[in-house]
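Now that you have both chains on their own, put them together as the hints suggest.
So the sequences go chain by chain: A and B. Position in the first sequence counted from 1, then plus 248, gives you this note's numbering. Position in the second sequence counted from 1, then plus 63, gives you this note's numbering.
Hints should not be assumed to be uniformly reliable.
Stated by the list, open to error - Between beta-carbon pairs, the in silico distance windows are:
no., chain 1, residue 1, chain 2, residue 2, range
1, A, 252, B, 273, 39 to 45 Å
2, A, 266, B, 493, 37 to 43 Å
3, A, 281, B, 87, 52 to 58 Å
4, A, 266, B, 499, 24 to 30 Å
5, B, 511, A, 285, 33 to 39 Å
6, A, 285, B, 429, 50 to 56 Å
7, A, 262, B, 494, 38 to 44 Å
To be clear, the hints were calculated from the coordinates, so they are not data collected in a lab. C-beta: ideal position from N, C-alpha, C; glycine also.
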Amino acid sequence: MKSIKRKIWLLCCISAAIIVIIGFTSLAIPENVYRPKFLGLPYPLWVSMLLSVLLVVLTVLGTLVHPGNSNSGQE
Amino acid sequence: MISILVTIAVIYLGTLVTFSLIARQKEKDSKSYFLAGSKVGSILGIFTLAATLFSTFTMIGMPDFFRTHGVGSWVFLAFSDAAMVFAIISVGYYLRKKARREDFKGLSGLMAQCYKNRFAGYITFAGAFVFLVPYVAIQIRGIAIFLNATFPEAMPIWGWATAIILIILIYSEVGGLKAIIYSDMLQGIILLLIICIIAYNCVSHFGNLANLFAKVEQVNEKLLSVPGPKGLFTPQFLIASLIAIVMIPFTQPQVVTRIIIMKNYRSLFRMAIGLGVFALIIIFATLCIGMYGAVNYPDLNTADFITKVLISDQSNLVAAFAILGLIAAAISTSDSQIFALGGELRSLLTGEDLKMLNITRIAIVFFALVVFVFSLLASDQLVLLARTSFTGTALMAPMIFTAIFSERKLKMDIPVLTLGAMLIFMGSLMGIVPHAVLGLRMDLLLLISLTLVGLFSNILNR
Numbered sequence: 249m250k251s252i253k254r255k256i257w258l259l260c261c262i263s264a265a266i267i268v269i270i271g272f273t274s275l276a277i278p279e280n281v282y283r284p285k286f287l288g289l290p291y292p293l294w295v296s297m298l299l300s301v302l303l304v305v306l307t308v309l310g311t312l313v314h315p316g317n318s319n320s321g322q323e
Numbered sequence: 064m065i066s067i068l069v070t071i072a073v074i075y076l077g078t079l080v081t082f083s084l085i086a087r088q089k090e091k092d093s094k095s096y097f098l099a100g101s102k103v104g105s106i107l108g109i110f111t112l113a114a115t116l117f118s119t120f121t122m123i124g125m126p127d128f129f130r131t132h133g134v135g136s137w138v139f140l141a142f143s144d145a146a147m148v149f150a151i152i153s154v155g156y157y158l159r160k161k162a163r164r165e166d167f168k169g170l171s172g173l174m175a176q177c178y179k180n181r182f183a184g185y186i187t188f189a190g191a192f193v194f195l196v197p198y199v200a201i202q203i204r205g206i207a208i209f210l211n212a213t214f215p216e217a218m219p220i221w222g223w224a225t226a227i228i229l230i231i232l233i234y235s236e237v238g239g240l241k242a243i244i245y246s247d248m249l250q251g252i253i254l255l256l257i258i259c260i261i262a263y264n265c266v267s268h269f270g271n272l273a274n275l276f277a278k279v280e281q282v283n284e285k286l287l288s289v290p291g292p293k294g295l296f297t298p299q300f301l302i303a304s305l306i307a308i309v310m311i312p313f314t315q316p317q318v319v320t321r322i323i324i325m326k327n328y329r330s331l332f333r334m335a336i337g338l339g340v341f342a343l344i345i346i347f348a349t350l351c352i353g354m355y356g357a358v359n360y361p362d363l364n365t366a367d368f369i370t371k372v373l374i375s376d377q378s379n380l381v382a383a384f385a386i387l388g389l390i391a392a393a394i395s396t397s398d399s400q401i402f403a404l405g406g407e408l409r410s411l412l413t414g415e416d417l418k419m420l421n422i423t424r425i426a427i428v429f430f431a432l433v434v435f436v437f438s439l440l441a442s443d444q445l446v447l448l449a450r451t452s453f454t455g456t457a458l459m460a461p462m463i464f465t466a467i468f469s470e471r472k473l474k475m476d477i478p479v480l481t482l483g484a485m486l487i488f489m490g491s492l493m494g495i496v497p498h499a500v501l502g503l504r505m506d507l508l509l510l511i512s513l514t515l516v517g518l519f520s521n522i523l524n525r
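Bound conformation, chain B alone (with noise of 0.2 Å):
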């Protein structure tokens, strides 16, 4: 498997380096560098989308989420991600409307000039830096964990974080967005490929799906509803993860600038057609590898249990794949991630273009520093700490719709409730601040919160 994997891990870094090179040559401003020229067709939008939001959280969290929780994990995600397509043709047309019409930078700069304030560019790049980081972080853990337990004689975790991060820095820094973008299509083929392989493969161990899912019923029928066998799936733990995700295409940045690059609507109604598509299908796949693993390995921990439905079990050559599928889903979220960080950034400063360029190309260095330290220090819990920085920048959706859909002049009533918001979770997560107020969970009170005060004070500003 290791001359197998050498080959295509030399392929594959191959392509990137050329993708680097070929989007250099036509980089020359900020523009063509955060926003990759503004001209994304459909097909490139997709896969540069779902690489971005299907990640190492889909292909090692998701199917130990099956695994662990059962069934109600499709209604976690699947049918969040289906939600969210829906929302992106309904509400993207809207953002896409208001960046035109605002010469978009960034959602910070957008933030900035919709307020004709500052300090809500401020708040957006606060929540941004605050809640992605440790998103970005567990990726680069949750791959670096299953290469050390793959290679443990190789490199300790933080060596392997240390080559993914130095990975991602260079093509991105050398080719900027369209460089992220092209090796995000790749990524994102490999990886519905390869997860799709696999999982024809766990069920063809049961015959079909229906054997698989009798045998899941005599090992842990809790598995088969919800809330699962451990209770996490209560209807407001499921409304409060839907209306995160949901939000995630309006209040993520490196989501946001995927919709505002597109060509034009009839780019991004496809795409959003397209990425509902592959969120059903790579999901599907999640969950048969993860009802796979609770027959056959429901008691082993989240990295072994992943070395071995995707290695031990495999051919040489679809583990060798895996592998390398693993290591583009970390890569294609991250970078995208920490470089959207750098657009947010880019978006706030004004002065000579090429100057603030410099500056935030050396910013992005910053931000993958701070990710890796993250990295070494996060907790091993994917999915759930994906959540959680779902759920925080969504707290920015109010905000950001009030911007997006009003016409009048915006007050700062809103962003600076926004911020109250974001400190109150933090402090919830920390333990500060109770987890829930009257049964009602902080993160849904918060949203419901916003929301509210969002209504209200678009209805008096009229």
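For reference, chain A alone in the conformation it holds in the complex (with noise of 0.2 Å):
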């Protein structure tokens, strides 16, 4: 169980560098490129916003797998 949590975890950050990356090229932010629209949102910034809520999804995901979380209740 304690192995998988670490496997868990351990996608989790490398998920996290991956969004990271992906954030900062043109797929995310393309210069001068605001379409597709999504909801009225212009391309960049609806994309960002994905990633953002992303990384915040996968920071709840690994607080559930973290190596802290077995003594989270006390140190």
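Next comes the structure, spelled out in structure tokens:
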């Protein structure tokens, strides 16, 4: 169980790193491009919003499998 | 509006005084005064950290930043903040471990202990002082300018700055960190509620978000993409900003302290999640306000725009709370930072606790005076000055990370190089040293160089 949690934690870290890298590529913030829009929001905004929310979701997931989670109630 | 403002301001000040008095009864030594007993729960933790991080810079600076530079501001701050909360749970865990083992009193003291050399502590203190003072000063200046623009007959800018600094000094000197944390909670809630209400009003003005952005497209479509109308958001600028912001929890003493004083890991984790949600909500609100400003007030200066959007265009009740929210935002960030400088100094002092505590209390007054002088001289570029402060303290990250993660005896090479990097960075800000080398921004170059040296030094040490 502990090793599975460790693996998921590692996966969270790698995913967070990938999201951060994607956030600075032209995939997320292409120069002078604001289409396609989503719910009226320009492309770079809704994509970077999505990536930001994903990072927070990863943080939530990360807290559940973090190596410190087993003794999270005490220190 | 004035009568509403006076009423809520009296209630607000009364609450601050109450918090100080409650905290004062319990405060006995340096640990309770500077570290609030180190048993802060997750809810208090979320609000104290949020109120410390989101300040005048957020409430005045960010709407203006969105209005001027467009949607790339989201990447600049919100995306970076989301990455920061992930960093809090990953690195914060090890920071707490180390801090608990070394009997944490302050970041400077921790560095002195980890490097077994007081010079490492002095470098950390110097870095915090040099880069935090201008940051606090711009908070005070931002709100003083705003209040002066709103009530031109009441007081000059320096009068407002003096009043704010006096309020900060009185309740933080009396109640210590616990009083600051309680007031942060109050200020964080006011800030969150009021900015959301104003954002809602701004969007309602256009019917919905889609209409708002359609209008922005008509006014200036460059606001809808990067690098923005003024070309600010280049990949290098955004990456350097991300690094600087992600490093805040480990390099800015007021934030480091709040990570350390959480009751346990569970509280820390919950606090990180809460902070992430808080950040996204509040920055989204500033986006709406900024875009509203881009359509309605594209040519106004910052103070006039903020006065229009937060005061003139709102009902009296909302406007009164907006003014209070702005004051609260400025106070909650400034008090934490001035107080943190005191904590840093205390962590470097050795001697009888009560005597050192009194020396530090006097030093806090001195720090506040320095901030006051700077607030009269600082520029009005709130966000860019704040970013400079983040970058300056971020230069200490490799030194701090080496101390957190290394179990071996540490050499002084990284602290000395950090000092050199901070001097070069200041030189580049003053125009003595070039802003870029071979097309690479100086701040980014210094961060990369220090990180590489830190990694190599660690490998060689093994």
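Fill in: Violations among the numbered hints, reported as their numbers in ascending order
Failing hints: none at all.
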